[in-house]
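First to last, the sequence lines map onto chains A and B.
Everything in the first sequence is counted per the working numbering, starting at 1 for the first residue and increasing by one.
Everything in the second sequence is counted per the working numbering, starting at 1 for the first residue and increasing by one.
It should be emphasised that the hints constitute simulated quantities derived from the structure, not laboratory data.
Treat the hints with care, since some could be wrong.
[Claimed, not checked] Residues on chain B that point at chain A, a partial pick, calculated with CB under 10 Å:
#: 1; residue: 13
#: 2; residue: 91
#: 3; residue: 94
#: 4; residue: 95
#: 5; residue: 105
#: 6; residue: 106
#: 7; residue: 114
#: 8; residue: 116
[Unchecked claim] Some residues of chain A that are not near chain B, with every Cβ distance over 12 Å (derived):
#: 9; residue: 81
#: 10; residue: 123
#: 11; residue: 139
#: 12; residue: 237
#: 13; residue: 242
[Said to hold, decoys possible] Listing some non-contacts, in silico: residues in chain B with all C-beta distances to chain A over 12 Å:
#: 14; residue: 14
#: 15; residue: 64
#: 16; residue: 96
#: 17; residue: 98
From the three backbone atoms N, C-alpha and C, an ideal C-beta is built for every residue, glycine too.
As a plain string of letters, each chain reads:
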Amino acid sequence: MDEDSTVTEEVSADFPTLDRQVEEQLLPQLVAHLREHRTKLRQDWASRIQKAHLLHAMTPQEMAAETTSVYDNYVEVLETGSVEALQHYARDLSERIIPRGVETHEVVGIVLLLRDVLARSLFEKYQRDFAMLNRVLDAYEPAANRIANTVAGSFVDERERVIRQQQDAIRELSTPVLPVRERLLILPIIGVLDTERARQLTEQLLTGIRTHRAKVVVIDITGAPDVDEAVAKHLVQTVDASRLMGASVIITGLSPEIAQTLVTIGVDLSKMNTIGDLQGGLEEAERLLGYSVTRQDGAAG
Amino acid sequence: MTTGPALVSILRQGSYLIASTHTALDDSQMMRFQEDLIELIGRHRSRGVIIDVAALDVLDSFGSHTLRNIAEMARLRGALTVIVGIQPDVAFAMVQLGMGTGSVYTALDLEEGLAYLDSRVPKRPAARGEALVARG
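Make the full structure from the sequences, and use the hints.
So this is what it looks like as structure tokens:
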């Protein structure tokens, strides 16, 4: 607050001929100017967007509609000084355009283009009166920058929200514990195993062992592209903890990369029961549990 | 030495002893449990021991060390020991702190423990040597 008033003071000192009242009327005057030339300025802006090859994802009609509302919102912020409505609109807009692959630089780009288009129209209008132009720009620039900030911020926020939502969804789906036979569980692991997922996996596996009274668990990591040292150690601990609960664990589908990584970083897997693929793992599990699967003569397949 | 422990019940079931903890044990209670159990193995000529820790939501290093010792002492007295009912959280905490149960066999619950003992403990008391070989 204090800073603002100091700035205003300095400005008045630089231009002693103009009184405060005129200054307060500057912004409304500016807004009136922008409203008056709305159609032309908006078209200028749209054509500059096209020239800059931004917003490929949108059709010309959509572009016209969106540019109109962005323009109106922009002018409104200049008039009221409150970015709340714009923030709301920007978030809404982001929600619509993010799924269509619009990038951050495009959004920031179009807002900055609008700022430039409007600034140029101000130059044009006040070109004869340099002192006045300076004062107009003093009023215009902070507001315009604030708008650019708000729009970019809202866009990034929205994007982060989408990413977080997707991460949650992946996390929920990531570690299913599937009973395949009585006392036999399978845990297919798909995707990158990070520390958080590994922790969740342990929790689900151990409670799964108790709920299903499992004696054998097959953890299949065919779908895991890589494993780091911390996660590998965690995996070993999970296997040990399962043993304490009376279940033996078979690990299947260790990829060549993971096998090499594990040996290179020196994780001790000598106590782990590993088998090449899920099929082999299931056969071994059935053997441990005393199942024997035979195919009937004459059955198809 | 007093028999009939307050916090652990030790029941005889055929040739097995079943010891269930009802609550967390402190170090002296743990030692008393050890003494009682080892004494009872001889008195009942037991061939198998099941220690059920399902009621414990925490097991410290002294506790797990004592359980290992009990199993080894029981083996010297001719009984095979199974620890059952370790809860998921306890299991993972034990592993993280590097305190496993060593070579002592563990099973999910009492039923599993009994099934394991049935499969490993010979029915005839004469074949005592079997139990010595048959540990995890």
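Against the structure, the hints come out as follows:
1. 13: Not OK, violated: residue 13/B not within 10 Å of chain A, min 19 Å.
2. 91: holds, 4 Å
3. 94: holds, 6 Å
4. 95: holds, 4 Å
5. 105: This interface hint holds because 8 Å falls under the 10 Å limit.
6. 106: With a minimum Cβ separation of about 5 Å from chain A (threshold 10 Å), the hint on residue 106/B holds.
7. 114: violated, 12 Å
8. 116: holds, 8 Å
9. 81: At about 55 Å from chain B, residue 81/A clears the 12 Å cut-off, so the statement holds.
10. 123: Check passes; 68 Å lies beyond 12 Å.
11. 139: With a cut-off of 12 Å, residue 139/A remains clear of chain B, as the shortest Cβ separation is near 62 Å.
12. 237: violated, 4 Å
13. 242: Incorrect as stated: the minimum Cβ-Cβ distance to chain B is 8 Å, not above 12 Å.
14. 14: holds, 21 Å
15. 64: Check fails; 10 Å does not lie beyond 12 Å.
16. 96: Residue 96/B not clear of chain A: closest Cβ-Cβ about 6 Å, inside 12 Å.
17. 98: Given that some Cβ of chain A is not farther than 12 Å from that of residue 98/B, nearest at about 9 Å, it is violated.
Hint check: violations occur at hints 1, 7, 12, 13, 15, 16 and 17; the rest are consistent with the structure.
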